[in-house]
Amino acid sequence: MATRRKTAADRPPDRLTAAFRVVGKALRKVDATAKVVGATKFADDVALPRMLYAKLLRSPHPHARILGIDPSRAAALAGVKAVLTGKDLPIPFGILPVSQDEHALAPDKVRFVGDPVAAVAAVSEETASAALDLIHVTYEPLRPVTDATDAVTHPEPRIHDYGDGGNLHKLIDLEFGDVAEGFAAADLVREDLLFFEGSTHLPMEQHAAVADWSPDGKLTLWSSTQTPHYVHRALAKVLELSPAKIRVIATPNGGGFGGKSDPFSHEIVVAKLAMLTGRPVKITLTREEVFYCHRGRHPALMWVKTGVKRDGAITAMHFKSLLDGGGYGSYGVASTYYTGALQTVTYHVPRYKFQGARAFTNKPPCGPKRGHGTPQPRFALEVHLDKIAEQLGMDPAELRLKHLVPPNSLTANWLRIGSMGLGPCIRKVVAGSGWKEKFRKLPHGKGIGLACSSYITGAGLAIYWNPMPHSGVQLKCDRGGGVTVFCGSTEIGQGSDSILAVIVAEVLGVDPFDIAIVTGDTDLTPVDLGSYSSRVTLMTGNAAIQAAERARDIIARHAARKLELPAERLAFAERRVFDVENPARGLSFADAVQLAEAAEGTVGTVGSYTPPASPGRYRGAGVGPSPAYSYSACVAEVDVDPATGIVRVPRIFIAHDVGRSINAATVMGQIEGSVYMGLGEALMEEMAYRGNRNVVHKIPSLLEYKSPTTLEMCDVVTYVVEDPDPNGPFGAKECGQGPLLPVPPAVANAVYDAVGVRIDVVPITPEKVFKALRRKAKGEEPRFGPTAFPDIPWPDPTRVPPPWEGGDGKAVPLTPGASPGLDGARIPGHAPGVRDR
Amino acid sequence: MPPLDAKAKIALELNGEPVEVAFAPHKTLLEVLREDLGLTGTKHGCELGECGTCAVLVDARPVLSCLVLGLACAGRRVKTVEGMAEGGRLHPLQDAFAELGAAQCGYCTPAFLLAAGALLAENRRPTRDQIKQALAGNLCRCTGYIKIYEAVELAAARMRGEKAQPARETLYGYP
Chain Z
5 MATRRKTAAD RPPDRLTAAF RVVGKALRKV DATAKVVGAT KFADDVALPR
55 MLYAKLLRSP HPHARILGID PSRAAALAGV KAVLTGKDLP IPFGILPVSQ
105 DEHALAPDKV RFVGDPVAAV AAVSEETASA ALDLIHVTYE PLRPVTDATD
155 AVTHPEPRIH DYGDGGNLHK LIDLEFGDVA EGFAAADLVR EDLLFFEGST
205 HLPMEQHAAV ADWSPDGKLT LWSSTQTPHY VHRALAKVLE LSPAKIRVIA
255 TPNGGGFGGK SDPFSHEIVV AKLAMLTGRP VKITLTREEV FYCHRGRHPA
305 LMWVKTGVKR DGAITAMHFK SLLDGGGYGS YGVASTYYTG ALQTVTYHVP
355 RYKFQGARAF TNKPPCGPKR GHGTPQPRFA LEVHLDKIAE QLGMDPAELR
405 LKHLVPPNSL TANWLRIGSM GLGPCIRKVV AGSGWKEKFR KLPHGKGIGL
455 ACSSYITGAG LAIYWNPMPH SGVQLKCDRG GGVTVFCGST EIGQGSDSIL
505 AVIVAEVLGV DPFDIAIVTG DTDLTPVDLG SYSSRVTLMT GNAAIQAAER
555 ARDIIARHAA RKLELPAERL AFAERRVFDV ENPARGLSFA DAVQLAEAAE
605 GTVGTVGSYT PPASPGRYRG AGVGPSPAYS YSACVAEVDV DPATGIVRVP
655 RIFIAHDVGR SINAATVMGQ IEGSVYMGLG EALMEEMAYR GNRNVVHKIP
705 SLLEYKSPTT LEMCDVVTYV VEDPDPNGPF GAKECGQGPL LPVPPAVANA
755 VYDAVGVRID VVPITPEKVF KALRRKAKGE EPRFGPTAFP DIPWPDPTRV
805 PPPWEGGDGK AVPLTPGASP GLDGARIPGH APGVRDR
Chain B
71 MPPLDAKAKI ALELNGEPVE VAFAPHKTLL EVLREDLGLT GTKHGCELGE
121 CGTCAVLVDA RPVLSCLVLG LACAGRRVKT VEGMAEGGRL HPLQDAFAEL
171 GAAQCGYCTP AFLLAAGALL AENRRPTRDQ IKQALAGNLC RCTGYIKIYE
221 AVELAAARMR GEKAQPARET LYGYP
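Here the protein sequences line up with chains Z and B, keeping their order.
If you count by the numbering used here, then the first sequence holds residues 5 to 841, one letter each, in order.
If you count by the numbering used here, then the second sequence holds residues 71 to 245, one letter each, in order.
Hint data in this document are derived by calculation from the structure and do not stem from the laboratory.
Note that the Cβ used here is the ideal one computed from N, Cα and C, for glycine as well.
Just to be clear, a hint being listed does not mean it is correct.
Simulated coverage check for chain B against chain Z, where a stretch passes if three residues somewhere in it have a Cβ under 8 Å from a Cβ of chain Z [said to hold, decoys possible]:
1) 130 to 143
2) 173 to 180
3) 194 to 206
4) 212 to 219
5) 223 to 233
Going by beta-carbon spacing under 10 Å, a handful of chain B positions derived as facing chain Z [unchecked claim]:
6) Glu90
7) His161
8) Gln164
9) Phe167
10) Ala168
11) Glu169
12) Leu183
13) Glu239
14) Leu241
Taking the hints into account, I'd like the entire structure generated from these sequences.
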């Protein structure tokens, strides 16, 4: 194993409390000017001499065997330079080591309408498109699996020949303490069924990639990817090239949201076509094709059962999820675990059972969309708690506030909580929205609803388990006082380049705009695993602090000698190095760098970051641990028209515990953008298929896939709460995903407050509200939602005693009737040390 | 098949300068700008007229360049994002978008800037609702539009000669 690396916790605590010069200010992003003048080069803006254009032929069938492909007529068309089919790229790939189930071009079977089967490179896009029409594919259609329940009831024909049986890709059963005993000790036990519809990222930029092959055997790929490191791995594997001969350059992404986190067919295809033709090859997907790439939110059917005491204290929770995974694995195994991982990090859950299943279906693969696997269970949990609060006669805000997970504690499933600012977040939105004056007191048709959430700040375990850092930074100081920072992170609009500049500027006392940032290039930058799971600020930030502090130490050594002072007395600020006790006595930063360079040679340093080890040591403990958890609370106002069921959201109040704001303007933008995307999922966004018509996507276009325009977007009142976490750089936690999570349940709870019907499904569309209102008028259950959870052949549970029942983070053997570590255990109402602020 | 690439030539005014360009006659203005004139600041999100990402100004009116034939622009005045900054100085809209973080990924930004510029040319003091109406044809997935509205308002105030600064809540949230 690796030696433990220095983490933020090893640094003096003043990093969390110090006054900052740059950190926390509202700054322009370092790439803002390029973006407003149109100079930023996105992948489709890359054009090389003699470039060819590629197009993919995609399957018209949701599920079929390929009996034969005849590309000869296409290959003979004037202007066509190469044609590829599945046999040209036989090696499978996939983002997760456990699901290497994709091929760049389907060799023998297609698994969704849109699955690529052949590719053409030609002198123009028009010629390439014309050539696709000349490729003859013979299919033998198979029965398609249309959704997750269909997959449960139809194990045959199998979509894949691996997984946990039939068309079930993954089955999970985890048990943290005896939940039956917990339910028995409850004053109220409630069960609910909810459904979260799938949705897609819809980045404004269509995926694009350009490959260039040099006769010396070097491949270069420019791609709109969030994860150049994993694309690098996939290209090396499929093309059987040495990674040293592949350079992946992640161009700035025109929006990602998780949709550009997998290695994709089109990236491998253009690389292969460039190798075959010796010419650069570009592909830019059409908007329709972007819908087929998908990897978006898994549709999730969820069942939740919770036992509570009269004061709302949870005694036990049992949560089941069934995910519609689409045609391939993608991140799906992780997504499935995530639907059960974070239920425990907001309110104290002493005993917890999670059963999760992911089904293969004949639709575009689902994967990680903003919040990855957690918005669905958060919706279920927060609506469920709203119903429990009503049954207990408690205010939902009070119920939550009374039972918050304490900071610096372990959860039942062995997640280590650091800073925990949910209490202040709830108080902010309750006070700001006038909650106490409005809840259950507004006129019919107007409503207000509350929900909370939490999200990881990066995953504690990487996709490939190895002892190497998750993020690396190199730093070079120039004689003129400039600094260059190299990092493998990818700028997807979230401001990751600026985070590096702000952090290095803070440590070295220079201006953020004195710093050049080089990112996302596997030849030039040390590995950072990518822009996903809200990991970048924390991980690259800690790596950047380490590199910058090392540079500061070198420079200080020589400045101290010149100034005849101990190095500890030197401060770095305003582009100067000076005596903290006599600021007039000092040097310019550039002069100090020159002294250091004269004495020691080029001033260059490195920094890296590896997350702390997680205390959970059971199978499945790899998903959920994070260096730090962000917290959010949300209050939504709604206007519901009882005549039509139309829901309008005039305003949302959102409070987010970001730990420490690094760039205030960016934090605001991430929070507002998360609220926007949550609102879209709450009210309108859905990946909808014609199940009875070949499982064709209903609406693969920007016009018909509804997303909020300026006319639907609500006003947002944002509160930034800072509860610094010792693991974060200067205490920072994530802010780009977490604030999405509470929005759908807050809207659903507000609809109930407005018109007294429960919509246990998102999106909350007018017809669902209307149907529920009709039922209410007829005296039926005033609800719209799922009514059954299918029987699933769950495996034997993995039993892990919670920390307060004598566990050590490991699973215990299955011994019916007796669980070691549980003997005589009492159900604690609270873990010790509940902090209520 | 008739040759697709028998080129047509047109003259137009592009970003204030006379330009001649030859291109295959079926090409859209979007393609002519990006491929034949090298102005890649104009982006595309659907090429079907659905998202607003490719908007440019033709005779000072916002149009979707993916739905306009290049040939239809002969003799017209076309303005793209590359023509907004003058003399090395950002246009007040560009400056406000950069200042407030109204450009996150930046992909939809050129079209928003041009559409907002067309609005401010007609209405120096637009209300928030007028801004929403003017920008309703442009999709943005990053910002939730809030920083865009605030940047348009800030730029409008500055273009009226006011010494406007962003509100504290805009940059730091509510206390």
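Taking the hints in turn, this is what the structure says about them:
Counting residues of the segment 130 to 143 of chain B whose beta carbon lies closer than 8 Å to any beta carbon of chain Z gives 0, which falls short of the minimum of three for the stated coverage. Given a C-beta distance limit of less than 8 Å, the hint that chain Z covers the segment 173 to 180 of chain B holds, as 8 residues qualify and 3 suffice. For the segment 194 to 206 of chain B, the proposed coverage by chain Z is satisfied: 5 residues have a C-beta within less than 8 Å of a C-beta in that chain, meeting the threshold of three. Here the segment 212 to 219 of chain B counts 7 residues with a CB under 8 Å from a CB of chain Z, which clears the bar of 3, and the coverage holds.
Restraint check on the segment 223 to 233 of chain B versus chain Z: 0 residues with Cβ-Cβ distances below 8 Å, three needed, restraint violated. Given the 10 Å rule on beta carbons, the hint for Glu90(B) is violated: about 21 Å separates it from the nearest Cβ of chain Z. Satisfaction of the interface hint for His161(B) is found here, the shortest Cβ-Cβ separation to chain Z being roughly 8 Å, below the 10 Å cut-off. Hint status for Gln164(B): holds, given a least beta-carbon distance of 4 Å to chain Z, under 10 Å.
The beta carbon of Phe167(B) is positioned within 10 Å of a beta carbon in chain Z (closest approach about 5 Å), and the interface hint is therefore held. The restraint placing Ala168(B) at the interface with chain Z holds, with a minimum CB-CB distance near 4 Å, inside the 10 Å limit. The interface hint given for Glu169(B) is met, as the beta carbon of that residue sits about 6 Å from the closest beta carbon of chain Z, less than 10 Å. Using the Cβ-Cβ criterion of 10 Å, the hint placing Leu183(B) at the interface with chain Z is satisfied: the shortest such distance is roughly 7 Å.
Hint status for Glu239(B) relative to chain Z: holds, with the closest Cβ pair at about 8 Å, below 10 Å. Among the interface hints, the one on Leu241(B) holds; its C-beta lies about 4 Å from the nearest C-beta in chain Z, closer than the 10 Å criterion.
Of the numbered hints listed earlier, those contradicted by the structure are 1, 5, 6.
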